[in-house]
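With the hints as your guide, set chain X onto chain P.
Chain order of the listed sequences is P and X. Residue numbers for the first sequence follow my numbering, beginning at 1 and rising by one. Residue numbers for the second sequence follow my numbering, beginning at 1001 and rising by one.
Wrong hints could be hidden among the right ones.
Listed below are several chain X residues computed to face chain P (Cβ distance under 10 Å; list not exhaustive) [to be verified]:
| # | residue |
| --- | --- |
| 1 | N1131 |
| 2 | L1210 |
| 3 | L1385 |
| 4 | A1391 |
| 5 | F1416 |
| 6 | L1423 |
| 7 | G1424 |
| 8 | L1428 |
| 9 | E1442 |
It should be emphasised that the hints constitute simulated quantities derived from the structure, not laboratory data. By construction, the Cβ of each residue, glycine as well, lies at the ideal position given by its N, Cα and C atoms.
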Amino acid sequence: MSGSRMTDLAFGVAVAGLGLWVWFFSRGFPTLRGGHPGPGLFPGILAWLMVFAGLALVWVALRSRTQAPSGFAIERAWLHVAEVLLISTLALAYPLLNRQLGFLPTASVLIFGVALVLRARWYVAALVAVAAAGLIYLGFTRLLGVPL
Amino acid sequence: VNDLLSWPGLLALFAGGLYGAIFGSVPGLTATLAVALFIPIAFFLDPILALPAIISISAVAIYAGDVGSVIARIPGTPASAAYVEELHRLGRRRGASYGLGISALGSAVGGIIGTLLLIFGATTLASIARNFSSFEYFWIAVLGLTAGIFASSGSPIKAFISLLLGVLFSTVGVDPTLGYPRFDFKVPTLLGGLDYIVAMIGLFGFSEVLYSVYRRNVERHEQLPPSQGAALVQFYILPTLLMWRNKLLVLRSSLIGTFVGFLPGAGADIGAWVSTSFEKLIGKKDGESEDRVVLSGTSSNNAAVASAWIPALSLGLPGDTVTAIVLGVFLMKGITPGPLLFQNQIDLVWALFGAFIIANLILLPTFGFVTAKIASFVARIPFHLLLGVIAGLTVVGAYAINNNPFDVIIMVGMGFLAFVLRLGGFPLAQVVLGMVLGPILEQNFMVSAIKSRWNAAAFFDRPIAIGLMVATVLIVLIGIRVQATARQAMLAAEAASADGANQNLER
Chain P
1 MSGSRMTDLA FGVAVAGLGL WVWFFSRGFP TLRGGHPGPG LFPGILAWLM
51 VFAGLALVWV ALRSRTQAPS GFAIERAWLH VAEVLLISTL ALAYPLLNRQ
101 LGFLPTASVL IFGVALVLRA RWYVAALVAV AAAGLIYLGF TRLLGVPL
Chain X
1001 VNDLLSWPGL LALFAGGLYG AIFGSVPGLT ATLAVALFIP IAFFLDPILA
1051 LPAIISISAV AIYAGDVGSV IARIPGTPAS AAYVEELHRL GRRRGASYGL
1101 GISALGSAVG GIIGTLLLIF GATTLASIAR NFSSFEYFWI AVLGLTAGIF
1151 ASSGSPIKAF ISLLLGVLFS TVGVDPTLGY PRFDFKVPTL LGGLDYIVAM
1201 IGLFGFSEVL YSVYRRNVER HEQLPPSQGA ALVQFYILPT LLMWRNKLLV
1251 LRSSLIGTFV GFLPGAGADI GAWVSTSFEK LIGKKDGESE DRVVLSGTSS
1301 NNAAVASAWI PALSLGLPGD TVTAIVLGVF LMKGITPGPL LFQNQIDLVW
1351 ALFGAFIIAN LILLPTFGFV TAKIASFVAR IPFHLLLGVI AGLTVVGAYA
1401 INNNPFDVII MVGMGFLAFV LRLGGFPLAQ VVLGMVLGPI LEQNFMVSAI
1451 KSRWNAAAFF DRPIAIGLMV ATVLIVLIGI RVQATARQAM LAAEAASADG
1501 ANQNLER
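Just chain P, with the same shape it has in the complex (with noise of 0.2 Å):
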């Protein structure tokens, strides 16, 4: 079986599954007097939906002979996904080291990491997210009067 189809079946199979979540969570919302349908009606419809669809994309992934045309295997490139996963931690953190220790060093430090992790040289790394945080912080504060 190829990867892309692994993919495909797999996000069919995610996409149901989230589909009944939605159902079963919607299923708690009130209806309207006279018993017609309410806030629920919209995310039940949703659900049954994406269970289709879901299925649809699993039963197109299962039938189909080739490779198909569009997305691409995921690759086991963990190391990857692990940068990936850094990058979106650092950006998390924004908010938390902003209030702890201001805008330029957390804009810097998540610049740099970026840059380290997409293998720029360390320095050049370094140089570049002082000068963007310093750049960044003077258009919004002074051009835009937006404090940081």
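Positioned in the frame of chain P, the structure of chain X alone reads:
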């Protein structure tokens, strides 16, 4: 229009053009990303400056996407991908100035034709839409979502799933009928729904960083090939003569681009694919074939940039990802797109039309030449350093809008989701389309259902509503037919290549 022609207005247009030129010319940085990163700045600017700047950014960035095609056979934006091979070969054969001259002037003419049709189409549609009730708006949303499924160049099932995810995101927060909180997980910020602007920054900005990190998109440009003869002649005179010889081709491609751009969810990239495929299919095969394919694609994609604004301005439906972001900017500025915009803020509407004319008539020809010249400089900046700066801008931008740490979580979450969807080959434009059309669909359905006391026949009573329903059914039928034809063509091509491989083996 006076505001547009003031110094701050012109500065916004020119600065936007330069910013768009830089983003478009670097492969991996798209027009949508340029606009997404501009949102935090637009948030703090007057709409009369912010919106023309966005027009200038998108028009110039779509053209500048051709710079990467010429110098490295890497389209700077998806809208340039349809004719990347032809443009690269043309640049190698006749010099970069000639190739980029066709791109710039073709884009300018296509953009002007698209703008004229935008002015006519948007004002006409807005005057028709004045008579629309909740029933018509419900059917418009259905039509828009249906077109979004088939407008995708990939799998319609995946486009459908992307749409459903977008509509699902739009249900977060209090519901429109009872004010009941849905999917808020007891987080007060989520009661108001997912912040559309923050979600856009994550979907198009942060996801680009993650995707590039994962795929190691750190390509480098080559040196620009030398021009043959005076650069100004190569850039302006020869492409003008080519366009004069192929007037009908430019007109046809611009009209195709305008039509495709008008469809919700189908943007400049699909416009370029359709018109170049058409030219490759029926065009003459001679020494100028490549020139004509490039001319066809470039005039089509810039016409689509303008026409995507027709449904956005007159109905509040996004024609592409850029106009989806623009609708977010409208909302954050307290401007309601639709027929009322043409009644209450007609000055703004004409300023936008004026911005399109200036961007296409003045910015593209001038910035086009400048961009071609600065491209070799921009190309020397390592992509990994640019990505670091983009990551910084997305996080700072998302946080600066409301100074709310939760916005960063939403932005990162959306970015990660978009990254995963891209890995699976799911289109992102449809997620945005779902987020924009979801509330319109639900609100107008509930209002219509309650108004008609849950009588389903009321949805098929009004003539315009019936027309919109018939159009929806036609889109489904045509979409299925086109998909089936494309699948048959793909299977035939695979069978032919397998036959060829077998014959080679036998030899």
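Could you check if L1423 (chain X) really has its C-beta closer than 10 Å to a C-beta on chain P? Because about 6 Å separates L1423 (chain X) from the closest Cβ in chain P, which is inside the 10 Å limit, the hint holds.
Let me know if the C-beta of N1131 (chain X) comes in closer than 10 Å to any C-beta of chain P, holds or violated. violated, 26 Å
At a threshold of 10 Å, is the proposed contact between F1416 (chain X) and chain P supported by beta-carbon distances? Hint on F1416 (chain X): holds, closest Cβ of chain P at ~6 Å, below 10 Å.
The hint names L1428 (chain X) as touching chain P; please verify it with the least Cβ-Cβ distance against 10 Å. violated, 13 Å
Does L1385 (chain X) pass the interface check with chain P, least Cβ-Cβ distance below 10 Å? holds, 5 Å
Can A1391 (chain X) be said to touch chain P, with a Cβ gap under 10 Å? Hint on A1391 (chain X): holds, closest Cβ of chain P at ~4 Å, below 10 Å.
Given L1210 (chain X) was flagged as interface, is its beta-carbon under 10 Å from a beta-carbon of chain P? With Cβ-Cβ at 5 Å, under 10 Å, it holds.
Hint check: is the beta carbon of G1424 (chain X) less than 10 Å from a beta carbon of chain P? holds, 5 Å
Does the CB of E1442 (chain X) sit less than 10 Å away from some CB of chain P? Where the cut-off is 10 Å and the nearest Cβ of chain P is about 5 Å from E1442 (chain X), the hint holds.
In this structure, the earlier hints numbered 1, 8 are contradicted, and the remaining ones agree with it.
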